[in-house]
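Engineer: Sequence:
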Amino acid sequence: MNTSVGGIRRLGMRALLVDDEITQETATGRAVRTLSAELVQRDIDVLTATSADDAIMLIRSDPSIQCVLLDWDLGVDGHGPSEAVVDAIRHRNGNVPIFLLADRSVASTVPSAVMGQVDDFVWLLEDTADFIGGRIHAAIERYRATVLPPMFGALAKFSRVYEYSWHTPGHTGGTGFLKSPVGRAFFEYFGEALFRSDLSISVGELGSLLDHSGPIGESERYAARVFGAHRTYHVTNGSSTSNRIILMASVSRDQIALCDRNCHKSAEHAMTMSGAIPTYLVPTRNRYGIIGPIASERLTQAAIREAITSNPLTAGLADRQPKHAIVTNSTYDGLCYNVARVEELLGASVDRLHFDEAWYGYARFNPIYRDRHAMHGDPRDHHADRPTVFATQSTHKLLTALSQASYIHVRDGRNPIPHGQFNETFMMHASTSPNYAIIASNDVAAEMMDGPGGAALTHESIEEAVAFRQMIARMNSEFGAKGDWFFECWQPDTVLETRTGRTLPFHDAPPELLASDPSCWVLRPGAQWHGFGNIEDGYCMLDPIKVSIVTPGVAPAGGLMPVGIPASVVTAYLDARGIVVEKTTDFTILFLFSIGITKGKWGSLVSALCDFKRDYDANLPLDMAIPSLVKEHGSRYAGMGLKDLADTMFAAMEQLGTTRLMSEAFSILPKPDMSPVRAYEHLVQGRVEQVTLEELAGRTVATGVVPYPPGIPLLMPGENAGPAGGPVLGYLKALEAYDRRFPGFAHDTHGVEVEDGTYRVYCLTA
Numbered sequence: 000m001n002t003s004v005g006g007i008r009r010l011g012m013r014a015l016l017v018d019d020e021i022t023q024e025t026a027t028g029r030a031v032r033t034l035s036a037e038l039v040q041r042d043i044d045v046l047t048a049t050s051a052d053d054a055i056m057l058i059r060s061d062p063s064i065q066c067v068l069l070d071w072d073l074g075v076d077g078h079g080p081s082e083a084v085v086d087a088i089r090h091r092n093g094n095v096p097i098f099l100l101a102d103r104s105v106a107s108t109v110p111s112a113v114m115g116q117v118d119d120f121v122w123l124l125e126d127t128a129d130f131i132g133g134r135i136h137a138a139i140e141r142y143r144a145t146v147l148p149p150m151f152g153a154l155a156k157f158s159r160v161y162e163y164s165w166h167t168p169g170h171t172g173g174t175g176f177l178k179s180p181v182g183r184a185f186f187e188y189f190g191e192a193l194f195r196s197d198l199s200i201s202v203g204e205l206g207s208l209l210d211h212s213g214p215i216g217e218s219e220r221y222a223a224r225v226f227g228a229h230r231t232y233h234v235t236n237g238s239s240t241s242n243r244i245i246l247m248a249s250v251s252r253d254q255i256a257l258c259d260r261n262c263h264k265s266a267e268h269a270m271t272m273s274g275a276i277p278t279y280l281v282p283t284r285n286r287y288g289i290i291g292p293i294a295s296e297r298l299t300q301a302a303i304r305e306a307i308t309s310n311p312l313t314a315g316l317a318d319r320q321p322k323h324a325i326v327t328n329s330t331y332d333g334l335c336y337n338v339a340r341v342e343e344l345l346g347a348s349v350d351r352l353h354f355d356e357a358w359y360g361y362a363r364f365n366p367i368y369r370d371r372h373a374m375h376g377d378p379r380d381h382h383a384d385r386p387t388v389f390a391t392q393s394t395h396k397l398l399t400a401l402s403q404a405s406y407i408h409v410r411d412g413r414n415p416i417p418h419g420q421f422n423e424t425f426m427m428h429a430s431t432s433p434n435y436a437i438i439a440s441n442d443v444a445a446e447m448m449d450g451p452g453g454a455a456l457t458h459e460s461i462e463e464a465v466a467f468r469q470m471i472a473r474m475n476s477e478f479g480a481k482g483d484w485f486f487e488c489w490q491p492d493t494v495l496e497t498r499t500g501r502t503l504p505f506h507d508a509p510p511e512l513l514a515s516d517p518s519c520w521v522l523r524p525g526a527q528w529h530g531f532g533n534i535e536d537g538y539c540m541l542d543p544i545k546v547s548i549v550t551p552g553v554a555p556a557g558g559l560m561p562v563g564i565p566a567s568v569v570t571a572y573l574d575a576r577g578i579v580v581e582k583t584t585d586f587t588i589l590f591l592f593s594i595g596i597t598k599g600k601w602g603s604l605v606s607a608l609c610d611f612k613r614d615y616d617a618n619l620p621l622d623m624a625i626p627s628l629v630k631e632h633g634s635r636y637a638g639m640g641l642k643d644l645a646d647t648m649f650a651a652m653e654q655l656g657t658t659r660l661m662s663e664a665f666s667i668l669p670k671p672d673m674s675p676v677r678a679y680e681h682l683v684q685g686r687v688e689q690v691t692l693e694e695l696a697g698r699t700v701a702t703g704v705v706p707y708p709p710g711i712p713l714l715m716p717g718e719n720a721g722p723a724g725g726p727v728l729g730y731l732k733a734l735e736a737y738d739r740r741f742p743g744f745a746h747d748t749h750g751v752e753v754e755d756g757t758y759r760v761y762c763l764t765a
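For the sequence shown, numbering that gives the first Met the number 0 assigns the number 0 to the initial residue and increments by one for each residue that follows.
It cannot be assumed that every hint is accurate.
Listed below are the simulated BS3-like cross-link pairs for lysine-lysine, each with C-alpha atoms no more than 30 Å apart in a straight line [to be verified]:
{"hint": "1", "residue 1": "Lys264", "residue 2": "Lys670"}
{"hint": "2", "residue 1": "Lys600", "residue 2": "Lys582"}
{"hint": "3", "residue 1": "Lys612", "residue 2": "Lys598"}
{"hint": "4", "residue 1": "Lys396", "residue 2": "Lys156"}
{"hint": "5", "residue 1": "Lys732", "residue 2": "Lys322"}
{"hint": "6", "residue 1": "Lys582", "residue 2": "Lys598"}
{"hint": "7", "residue 1": "Lys600", "residue 2": "Lys481"}
{"hint": "8", "residue 1": "Lys612", "residue 2": "Lys600"}
{"hint": "9", "residue 1": "Lys612", "residue 2": "Lys630"}
{"hint": "10", "residue 1": "Lys600", "residue 2": "Lys630"}
{"hint": "11", "residue 1": "Lys732", "residue 2": "Lys630"}
{"hint": "12", "residue 1": "Lys481", "residue 2": "Lys670"}
{"hint": "13", "residue 1": "Lys396", "residue 2": "Lys264"}
{"hint": "14", "residue 1": "Lys732", "residue 2": "Lys670"}
{"hint": "15", "residue 1": "Lys630", "residue 2": "Lys598"}
{"hint": "16", "residue 1": "Lys396", "residue 2": "Lys178"}
{"hint": "17", "residue 1": "Lys642", "residue 2": "Lys600"}
{"hint": "18", "residue 1": "Lys642", "residue 2": "Lys612"}
{"hint": "19", "residue 1": "Lys642", "residue 2": "Lys630"}
{"hint": "20", "residue 1": "Lys670", "residue 2": "Lys642"}
{"hint": "21", "residue 1": "Lys598", "residue 2": "Lys396"}
{"hint": "22", "residue 1": "Lys264", "residue 2": "Lys732"}
In short, the hints are calculated from the structure, not lab data. These numbers come from a predicted model, not from an experiment.
With the sequences and hints as input, model every part of the structure.
Structural biologist: Rendered as structure tokens:
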């Protein structure tokens with residue numbers, strides 16, 4: 000139930016009443032119905048359940064329940080059903096008030112474990128409905144007052160204060176939009192609450208993002224507690240800016256920064272803006288082109304010294320001690336480091352470790368990720384002799400904040416950056432007119448993860464991902480037994496059931512084991528499924544919620560099979576059916592099982608994958624399988640079927656060697672001719688020109704060249720493109736040729752502009 004106050008919708012009060020006599024003509028049944036009517040008179044919406052199972056289903060599906068009234072004598076098998084309801088509630092919510100409906104004679108028999116989880120008793124046949132209703136109403140009001148986190152609570156309170164505004168923004172709570180037709184349409188689309196919450200920094204009641212005061216500062220301290228940091232900062236323009244803030248606060252011109260080559264473009268920007276000298280740490284890759292972790296042996300002191308020594312850009316530096324290191328965790332494909340191990344290895348060479356956890360903000364809230372995220376363990380145990388650790392998180396990606404919402408988390412250790420000093424860089428990148436709705440959404444994301452709610456939400460995501468993975472694995476096994484093909488998931492083939500010591504096929508493993516035991520997901524040395532060779536045991540784990548579907552085409556030992564299905568064909572087919580994927584490589588498709596995923600959602604995906612198999616096997620005409628492709632590029636695809644397209648594209652990939660060349664190109668480090676900042680200075684000063692790939696050999700690029708996928712830099716600003724027949728230009732030429740052959744399937748390569756099918760790249764003039 001929702002109510003409206005001054006045009007702003009508010010969540011109404013809602014109670015769950017659980018009693019198996021509610022429909023019966025007994026004294027208890029009549030008393031329960033009278034109480035329900037009393038609550039309705041008090042504008043409390045009442046949901047009813049007559050069994051524990053019914054109640055538990057409502058608890059799991061309706062988070063708006065603000066009070067539970069539970070019959071202690073529910074059912075006929077003792078008090079087990081009532082205890083199960085209490086456990087289900089507290090598993091998800093540690094604060095919602097629970098009233099036990101009982102009589103005085105049994106109250107003393109309630110176990111102490113249950114007493115510690117409920118808030119009060121209701122003597123249903125002794126107290127009046129009016130008295131009980133008043134107590135319930137008061138309990139709901141107290142609960143509602145505690146639900147909203149600091150900043151969002153202050154914002155919601157302020158938005159209900161009707162004051163004339165003489166400060167910015169100029170739309171003054173939305174009224175400015177009402178003065179024109181298009182403005183009114185805009186206002187009605189978003190609703191009044193958004194505009195009444197769009198406020199100026201002049202509103203002192205909300206505090207300041209720049210000096211971290213008031214409710215905003217309180218919200219940052221609250222988030223630090225929830226996420227396990229010593230201090231936390233709201234950032235309202237994405238984790239790209241968060242990465243820039245940290246690096247610019249930590250490194251200055253001509254100082255060395257260690258940088259995961261599997262880095263976001265914002266890390267490249269930060270190197271450019273700070274003037275740092277990057278020394279890259281190259282990650283591993285497997286047969287599918289999936290980016291793995293930086294091997295542990297590359298993080299030792301000796302390996303870091305060698306990487307710095309062999310970097311031409313460090314040759315003339317007096318200070319060759321690295322000041323900062325940035326590592327991507329988890330990778331785009333869901334590979335998570337053992338961060339405690341990375342701290343041990345990399346912390347021997349550098350005082351400040353920075354983990355880009357843009358896609359990984361949920362990790363602290365489920366034990367399956369223990370020790371595999373930056374803010375692992377108790378922050379009180381992070382002592383001054385350990386590295387200072389930073390984490391950036393895009394709370395909008397896989398938590399529940401608005402786009403551009405981000406957190407910076409900090410744990411101080413060696414060579415910390417004091418808040419006042421760090422804040423100077425923070426203010427350089429922050430706006431004096433921040434979007435308060437973004438800050439509030441960050442606040443809400445923290446609240447949703449706090450307490451048992453975070454564990455419940457993340458566990459549900461993992462359970463859904465496991466169910467989907469097992470279904471795909473089961474279908475692959477069933478089709479394979481008949482000599483037929485189906486998709487598979489990139490995951491372990493077998494699982495060790497620790498209780499019995501048996502090794503089971505993945506699809507036969509107990510779902511709860513897969514959803515709770517991290518050992519099921521660890522990359523073991525030499526295991527063929529992951530393709531990362533003799534990786535250190537326990538060093539890396541696959542995140543269950545990041546699911547890569549693998550299409551046929553790559554042989555288990557590497558190289559292409561005789562027949563294959565390029566993943567981009569499947570993605571186009573799914574897109575035509577309203578299913579949008581996260582990422583597509585040559586033979587993998589990534590799906591993210593966020594906390595918003597439901598069984599219905601992934602059930603539709605399974606159905607669509609089955610439809611693809613049927614239509615591929617039948618060579619369904621493309622004008623039926625992917626209508627938009629034929630409509631937009633009829634001259635190229637007219638008369639072709641779905642299998643025809645897949646076969647033609649696969650043959651081109653084999654002929655051009657795109658998969659092989661990608662592996663070769665990303666396995667080397669190009670020669671740096673100058674630092675990123677010096678290359679950028681050439682760009683700003685106009686000392687650059689656009690050249691074709693045929694003209695790029697031996698030239699220095701002015702901008703980064705980043706093919707998507709895989710989304711990591713092929714060339715960084717200031718690096719040399721290498722010889723005409725080298726792996727870098729060979730790969731780019733293969734992509735260019737492929738894009739010309741298959742309009743509608745062109746690759747997205749940042750730093751490349753395409754003119755009439757020809758790739759052009761900015762490089763430095765002589």
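Engineer: Taken at face value, is the distance from the CA of Lys598 to the CA of Lys612 at most 30 Å?
Structural biologist: Distance ~21 Å between Lys612 and Lys598 Cα, so the pair holds.
Engineer: Please work out if Lys396 and Lys178 have their alpha carbons no farther apart than 30 Å.
Structural biologist: 36 Å, violated
Engineer: Can the restraint linking Lys396 and Lys264 be considered satisfied, given a maximum Cα separation of 30 Å?
Structural biologist: 17 Å, holds
Engineer: Holds or violated: Lys600 with Lys582, Cα cutoff 30 Å?
Structural biologist: 18 Å, holds
Engineer: Just to be careful, I want the Cα atoms of Lys732 and Lys670 compared with a cutoff of 30 Å; is the pair within it?
Structural biologist: 19 Å, holds
Engineer: Does the structure keep Lys732 and Lys630 at a Cα separation of 30 Å or less?
Structural biologist: 28 Å, holds
Engineer: Holds or violated: Lys264 with Lys670, Cα cutoff 30 Å?
Structural biologist: 19 Å, holds
Engineer: Straight-line Cα separation of Lys600 and Lys481 no greater than 30 Å?
Structural biologist: Satisfied, since the Cα-Cα distance of roughly 28 Å is no more than 30 Å.
Engineer: Hint check: Lys396 vs Lys156, CA-CA at most 30 Å. Holds or violated?
Structural biologist: The hint holds at about 28 Å.
Engineer: Sort out whether Lys322 lies within 30 Å of Lys732, counting only the CA atoms.
Structural biologist: 37 Å, violated
Engineer: Given the hint that Lys264 pairs with Lys732, does the C-alpha gap stay at or below 30 Å?
Structural biologist: 22 Å, holds
Engineer: Taking only the CA atoms, is the gap from Lys481 to Lys670 under or equal to 30 Å?
Structural biologist: With a Cα-Cα distance of about 51 Å, the restraint between Lys481 and Lys670 is violated, given a limit of 30 Å.
Hint compliance for this structure: hints 5, 12, 15, 16 and 20 are not met, and every other hint is.
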